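This is what each chain is made of:
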Amino acid sequence: MIYAEIAEKVKTGEAEAVMELCRKALAQGYPSLAILEKGLIWGMDQVADKYSHRRVIVPEVLMSSRAMHAGLSVVEPQLKYKVKRPNGTIVIGTVAGDLHDIGKNLVKLTVMSTGAHIVDLGIDVTPHRFLQAVEKNNAEILMMAALLTTTMPGMKKVINALDEAGMRKGLIVAVGGAPLDEVFARGIGADCYFRCAKDAKSFLENNLNKIVLRRKLAT
Amino acid sequence: MRIKLIGCLSTKNEVLELGVSSPVDCDFLDFALHAFPEQLHKELQRRIDASQDYDLIILTYGRCSHAVAGLVSARVPLVLPKAHDCISLLLGSDLRRQELSEENPAVYYFSQGWLEYARDPYAEYLEYVDIYGEAAAKYLIETLYGMYREAVFIRTSCEEKKLEQCRQRVKQIAEFFAWKVSEIVGDLALLNAVLTRKQQTDVICVAPGTPIILEEGNSYAD
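The listed protein sequences derive, respectively, from chains A and B.
Numbering-wise, this note's numbering comes out as the position in the first sequence, counting from 1, plus 6.
Numbering-wise, this note's numbering comes out as the position in the second sequence, counting from 1, plus 37.
Isolated chain A, as found in the complex (with noise of 0.2 Å):
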């Protein structure tokens, strides 16, 4: 099945292989978005489950996303005006005095097949621009990371000024990174804390619609 072997190689990081099976699976006449998600979103869940709530982002990761990247280079132009609606925005972002954004991009990734909108702001990210970009998205989610001990206290001036502005009305305040946990995330307020992007997928998976639900009632 040519589902499983493009999720084989998406798993095994080999990028080219990847997109040439893309472009054959199209060619064949597969769906575009089946090839999205019964081959490079299915490859890719299986290494989040398998390097899931590993501290350290080991290569072999970083490998699959760049295959995965390569055959979504294939697939995606062909996926304009079939997606399904999207449902939600979250916005995303590494906090302040924090360049690292390896995880983040893997949540990203991991994410994408909840029908979430996404909006990336990068790395460095003050608390003005994550508000601002919330207000103009409206977004439903707002996902901080942080890489550093140094930087991690950022997110409390983020939910701070969330809150001063009257922005948390069913607003959902999610963290994660290598030095936090729960007792952090606690401790500052925010209302989840992901300690993988596996955890992040199946926490979207379970509430993504009860969350747009409840932003829209509250606001």
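In case anyone wonders, no lab produced these hints; they're calculated from the structure.
Since this is a predicted model, take the numbers as computed values, not measurements.
Just so you know, even glycine gets a beta-carbon here, dropped at the ideal spot from N, CA and C.
Any given hint might turn out to be false.
[Stated by the list, open to error] Residues of chain B clear of chain A, computed beta-carbon distances all greater than 12 Å:
hint: 1; residue: V57
hint: 2; residue: Y159
hint: 3; residue: A230
[As the list claims (entries may be wrong)] Derived contacts from chain B toward chain A, CB cut-off under 8 Å, selection only:
hint: 4; residue: R100
hint: 5; residue: S102
hint: 6; residue: S138
hint: 7; residue: Y165
hint: 8; residue: Y169
hint: 9; residue: A173
hint: 10; residue: Y176
hint: 11; residue: L177
hint: 12; residue: M184
Starting from the known structure of chain A, arrange chain B on it as the hints suggest.
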């Protein structure tokens, strides 16, 4: 008084340079543990448990991704620096580190210990070339280190020949990544204060049976 020092290889040279009195037994742990905070935590706890026949345990570790949080020594008091990691420890304080980061967050720091005991980013690149080939290795290294713009060598006391070797190595690594290179003088006052158990606010003393609690309310958090 019998003292046990448990430290990271990253600051071993500086600890030995400052000098520890003869009754201090030193254990320096693998530098690579810093990438695995949970393993580091377990290893530190194991060493602390095995050192309960001493009168005092000195940890020359900073927070190190919270690896030291929750460590507990049952019967022997602990002393450790209030610092985020060995970069702060070699610069003298979190505050100095913060000031430097504000000026330029895109800095990759080096020290003699890092160069001697750790795998540097260029060596990492060469490993990836062997495993994945050149194109993939370039992608990996760009993903892992592409955000840095400058290599800063934190200079601490060592013999001239070794110092020159360190500088050459930093230059070589920086050239590969097209980073700027600069050098700053380290400040070992905090490390010295820990080794000599000075009573000051950035030296944390933990009573036996009490877990190490890291407060967020330091200079970085505000």
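key: 12 Å cut-off, C-beta based - Y159 of chain B kept clear of every residue in chain A   = Holds, since 15 Å exceeds 12 Å.
message = Restraint: L177 of chain B near chain A, CB-CB cut 8 Å. Satisfied or not?
response = 5 Å, holds
inquiry  = Min Cβ distance, Y165 of chain B to chain A: is it shorter than 8 Å?
reply    = At 6 Å from the nearest chain A Cβ, Y165 of chain B passes the 8 Å test, so the hint holds.
ask   = Regarding the hint that R100 of chain B lies at the interface with chain A, is the smallest CB-CB distance below 8 Å?
value = 5 Å, holds
ask   = Quick one, is the S138 of chain B hint okay against chain A at 8 Å, beta carbons?
value = S138 of chain B check passes; min Cβ-Cβ to chain A is 6 Å, inside 8 Å.
request  = Identify whether the interface hint at Y176 of chain B stands, where standing means a beta carbon of chain A within less than 8 Å of its own.
outcome  = At about 6 Å, which falls below the 8 Å cut-off, the nearest Cβ of chain A leaves the hint on Y176 of chain B intact, so it holds.
Restraint outcome when A173 of chain B is required to lie within 8 Å of chain A by C-beta distance = Holds, because the Cβ-Cβ distance from A173 of chain B to chain A comes to roughly 6 Å (cut-off 8 Å).
message = Let's test the interface hint: is any C-beta of chain A closer than 8 Å to that of M184 of chain B?
response = 4 Å, holds
Hint check, Y169 of chain B versus chain A [nearest Cβ-Cβ separation less than 8 Å] = Because about 7 Å separates Y169 of chain B from the closest Cβ in chain A, which is inside the 8 Å limit, the hint holds.
task = Compute the least Cβ-Cβ separation between A230 of chain B and chain A, then decide whether it is above 12 Å.
result = 21 Å, holds
query = With d taken as the least Cβ-Cβ distance between V57 of chain B and chain A, does d exceed 12 Å?
reply = 27 Å, holds
query = Does S102 of chain B pass the interface hint, meaning its C-beta sits closer than 8 Å to a C-beta of chain A?
reply = 4 Å, holds
The structure shown violates none of the earlier numbered hints.
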